[in-house]
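S.K.: Chain residues, written in single-letter form:
Protein chains: 2
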Amino acid sequence: MIRIAVDGMGGDRAPRAVVDGTVQAAHLLNEVEIILVGRKDRLSKELSRFHPLPKNLKLHDAPEVIGMGESPAISVRRKPDSSICQMVELAKAKQVNAIISAGNTGAMVVAASLGLGLLEGIERPGIAILLPSLNGLTLLIDVGANIDSKPEHLLQYGLMGSVVMRRVVGRKNPSVGLLNVGEEESKGTDFHRQAFKLLEESSLNFIGNMEGREIYTGKCDVIVCDGFVGNVVLKVSEGMALAIRELQVREMKRTLLNKLGAVLLLPAFKRLKKQMDYTEYGGAPLLGIDGVCFISHGSSNAKAIRNAIRAAATFVAHEVNQQIVAATHQMARQKVH
Amino acid sequence: MIRIAVDGMGGDRAPRAVVDGTVQAAHLLNEVEIILVGRKDRLSKELSRFHPLPKNLKLHDAPEVIGMGESPAISVRRKPDSSICQMVELAKAKQVNAIISAGNTGAMVVAASLGLGLLEGIERPGIAILLPSLNGLTLLIDVGANIDSKPEHLLQYGLMGSVVMRRVVGRKNPSVGLLNVGEEESKGTDFHRQAFKLLEESSLNFIGNMEGREIYTGKCDVIVCDGFVGNVVLKVSEGMALAIRELQVREMKRTLLNKLGAVLLLPAFKRLKKQMDYTEYGGAPLLGIDGVCFISHGSSNAKAIRNAIRAAATFVAHEVNQQIVAATHQMARQKVH
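Chains A and B, in that order, give the protein sequences. Residues in the first sequence are numbered consecutively from 1, following this note's numbering. Residues in the second sequence are numbered consecutively from 1001, following this note's numbering.
By construction, these hints were calculated from the structure, which means they are not laboratory data. Among the hints, erroneous ones may be present.
[As the list claims (entries may be wrong)] Partner residues are not named here, just some residues of chain B that face chain A (Cβ under 10 Å, in silico):
1. R1013
2. E1211
3. T1217
4. V1233
5. K1259
[Said to hold, decoys possible] Calculated lysine-lysine pairs in the DSBU-like style (CA-CA distance at most 35 Å, straight line):
6. K1303/B - K273/A
7. K1253/B - K259/A
8. K1270/B - K1253/B
9. K259/A - K1303/B
10. K1274/B - K270/A
11. K187/A - K1150/B
12. K1259/B - K219/A
13. K197/A - K172/A
14. K270/A - K1253/B
15. K273/A - K1040/B
16. K197/A - K1150/B
17. K253/A - K1253/B
18. K40/A - K1187/B
19. K219/A - K1150/B
20. K219/A - K1094/B
21. K219/A - K1270/B
22. K1150/B - K150/A
23. K1303/B - K187/A
24. K259/A - K1259/B
25. K1303/B - K1040/B
26. K1253/B - K303/A
27. K1274/B - K219/A
28. K187/A - K1094/B
29. K92/A - K45/A
30. K1303/B - K219/A
31. K92/A - K1187/B
32. K1040/B - K187/A
33. K197/A - K1187/B
34. K1270/B - K303/A
35. K274/A - K1274/B
36. K1040/B - K270/A
37. K259/A - K1094/B
38. K219/A - K1253/B
All C-beta atoms, glycine included, are put in the ideal place defined by N, C-alpha and C.
Take the sequences, apply the hints, and build the full model.
M.R.: Here you go:
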């Protein structure tokens, strides 16, 4: 049985949305046991809205909470009884196979890195996100775990992203691109030119530099970048999608004919929203950690939490981490020969 | 009279789209003289489609062309008779007040920096772009002139961007933000923390770190970033807008009712497209150069070129560069006291 710990206190809508999503997931995924971690009193109160409670849902008390704005390094050290640190302890003791939080991302990265360690051959963890593109899904890594990357980290991101696209998304021989300001090999700073060289000499299916616009055209399966740029890309995308939707709503309301047109197109807009909706993919895996960690958006609703739990279960079942380690071994061997 | 040189050979649709846009602008802006720079034979042939030709449109021969993929530094040195280098020569000789190209951006940056020099107090040029937001316009600088910035450059971008928002867009006391991965002062790398400090201690209306999503919410008038990140942001935005439009078109065609709804909403979609359309703003000023330089998108159509010419004329008329120099003096004085 797969066991997954969920941070009951993490996220802007916690604990309510997290509890709701967890209950939904427990009903949906009979083969998974879910451990809600957080303040027992708060979580019990939220859970009292549901009866009978699904049998595969447990509580684990964690009296402390790391707030969204707290310094990751300091809070992880000072709050060993926080939900995030307690989840990491459960994973360390092999009592759970995966942990999920919609709370303080930096604290998750620090706690998981320190508590669980990194996979063999991986020097820095990276957050990978699946973005909708014209051509299915594109995986962007890193979107914020490591904002001061070295070229080697980008190579490792390419390797880990390829494993995810192959094992989880089912893409054969996934293509890898380097986010850059132009296609030519000479583009970017020294950092990008060094990363280009490492990727090109590797056994990955590296297809060259990718400009920002290729993230949404789906020209490439995996796009690697340093965590600062990736984080900005993710948030710009979020902001732009919201702005376009808001401007559209304003336009739709301008005249009676517009309103009629909007009503006719309601199903189309709903489908479109679903295609663009990050909550469909639930959470983003924090790759490179010796353990399965998922990070959900701070504003996650119940559906996002439910989908993150399902995604984490898929990761465990597909043995993604074992595959990453096997791939790093293979890459190391090819380097020697 | 304001004189503006336009690169007749620059851009994916040159020379035709450039010639069309130039003729349109010449008819529209009687007080501006436009000098089309490029291969006389090619441009004359394109111009032969129009008669009579507007009197305020002139030709200036430049037999060489710098291609879109050529190395900026090498091509500028080797092709002194290219349209880009010839435009810079015209500006240097004070024969024109502004120059515009939809061609090789890097070559424009190098040729203008070397040929015209930088404004007093400015160490690096920056490309500023006006982006549509929920709250009017947001200016993002730099989107690709300088991909290896120092913190001081970001301060100078903030100063130049503020002048543009005040003088050209009419924003009073423009707010300035630093693009970062979080709001807290401690966020980002050393580079960002140093830039934060410089901006905070300056006389600019600095309102702190801005996450990527704030570019489109319009929370801030001017957002500064290094040219690598800015370029990625710009191209991600472009790609995302195209992808959303494409996905919408697919949805609209799915059923008869959807098609009917789409027809009713056609005017709304047109208005929306106009709001999101970068060609409405024409070109992006290359700020910091001792001369007015505008860079248009490589895929510029006639309308984009026409609007870029109008925007450049506005810059000249509003004496933006003189205001930037005055602002740097003022900032230097405040530093002394």
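S.K.: All the hints need checking, so say for each whether the structure fits it.
M.R.: Results of checking the hints against the structure:
1. For R1013/B, the interface hint is violated, since its Cβ never comes within 10 Å of a Cβ in chain A; the closest pair sits about 18 Å apart.
2. Annotation: E1211/B was flagged as interfacial toward chain A, and the flag holds, the nearest CB pair being 5 Å apart, inside 10 Å.
3. The interface hint given for T1217/B holds, since its Cβ lies 6 Å from the closest Cβ of chain A, which is under the 10 Å cut-off.
4. Proximity of V1233/B to chain A holds as hinted, the smallest CB-CB distance being about 5 Å (cut-off 10 Å).
5. Because the beta carbon of K1259/B sits about 9 Å from the nearest beta carbon in chain A, less than 10 Å, this interface hint is met.
6. Between K1303/B and K273/A, the direct Cα distance comes to roughly 32 Å. Compliance with the 35 Å bound is thereby established for this hinted pair.
7. A C-alpha spacing of about 19 Å is found between K1253/B and K259/A, which places the hinted pair at or below 35 Å, so the restraint holds.
8. For the given pair, K1270/B sits about 17 Å from K1253/B by alpha-carbon distance, which is consistent with the 35 Å threshold.
9. Between K259/A and K1303/B the alpha-carbon distance is near 31 Å, which keeps this suggested pair within the 35 Å criterion.
10. For the hint pairing K1274/B with K270/A, the CA-to-CA distance comes to about 24 Å; that is within 35 Å, so the pair holds.
11. Taken as a hint, the K187/A and K1150/B pair is honoured in the structure, with Cα atoms around 19 Å apart against an allowance of 35 Å.
12. With a C-alpha separation of about 29 Å, the suggested pair K1259/B and K219/A falls inside the 35 Å cut-off, and the hint holds.
13. Taken as a hint, the K197/A and K172/A pair is honoured in the structure, with Cα atoms around 23 Å apart against an allowance of 35 Å.
14. For the hint linking K270/A to K1253/B, the alpha-carbon distance of about 15 Å falls within 35 Å, and the restraint holds.
15. Taking the CA atoms of K273/A and K1040/B, the gap is near 51 Å; set against the 35 Å cutoff, the hint is violated.
16. Taken as a hint, the K197/A and K1150/B pair is honoured in the structure, with Cα atoms around 25 Å apart against an allowance of 35 Å.
17. About 22 Å separates the Cα atoms of K253/A and K1253/B, which keeps this hinted pair within 35 Å; it holds.
18. Distance check on the hinted pair: K40/A and K1187/B sit about 33 Å apart at the alpha-carbon level, within 35 Å; holds.
19. Restraint check: the Cα-Cα separation between K219/A and K1150/B comes to about 33 Å, which is no more than 35 Å; the hinted pair holds.
20. Between K219/A and K1094/B, the direct Cα distance comes to roughly 46 Å. Violation of the 35 Å bound is thereby established for this hinted pair.
21. A C-alpha spacing of about 28 Å is found between K219/A and K1270/B, which places the hinted pair at or below 35 Å, so the restraint holds.
22. Distance restraint check for K1150/B and K150/A: the Cα-Cα separation of roughly 19 Å lies within the 35 Å cut-off, and the hinted pair is therefore satisfied.
23. Between K1303/B and K187/A, the direct Cα distance comes to roughly 30 Å. Compliance with the 35 Å bound is thereby established for this hinted pair.
24. Restraint check for K259/A and K1259/B: the C-alpha separation of about 15 Å stays at or below 35 Å, so the hint holds.
25. For the suggested pair K1303/B and K1040/B, the alpha carbons sit about 23 Å apart, so the restraint of at most 35 Å is met.
26. For the given pair, K1253/B sits about 29 Å from K303/A by alpha-carbon distance, which is consistent with the 35 Å threshold.
27. The suggested pairing of K1274/B with K219/A holds, with an alpha-carbon distance near 27 Å, which does not exceed 35 Å.
28. Between K187/A and K1094/B the CA atoms are separated by roughly 33 Å; this keeps the pair inside 35 Å, and the hint holds.
29. The straight-line distance between the Cα atoms of K92/A and K45/A is roughly 28 Å, inside the 35 Å bound, and the hint therefore holds.
30. Only pairs whose Cα atoms come within 35 Å are accepted, and K1303/B paired with K219/A is accepted, the gap being roughly 29 Å.
31. As the CA atoms of K92/A and K1187/B are separated by approximately 29 Å, the hinted pair is consistent with the 35 Å bound.
32. With a C-alpha separation of about 33 Å, the suggested pairing of K1040/B with K187/A holds against the 35 Å cut-off.
33. Of the supplied pair hints, the one linking K197/A and K1187/B holds, its CA atoms being roughly 30 Å apart against a limit of 35 Å.
34. Between K1270/B and K303/A the alpha-carbon distance is near 34 Å, which keeps this suggested pair within the 35 Å criterion.
35. With a C-alpha separation of about 25 Å, the suggested pair K274/A and K1274/B falls inside the 35 Å cut-off, and the hint holds.
36. Distance check on the hinted pair: K1040/B and K270/A sit about 54 Å apart at the alpha-carbon level, beyond 35 Å; violated.
37. A C-alpha spacing of about 55 Å is found between K259/A and K1094/B, which places the hinted pair above 35 Å, so the restraint is violated.
38. About 24 Å separates the Cα atoms of K219/A and K1253/B, which keeps this hinted pair within 35 Å; it holds.
In summary, the numbered hints that this structure violates are 1, 15, 20, 36, 37.
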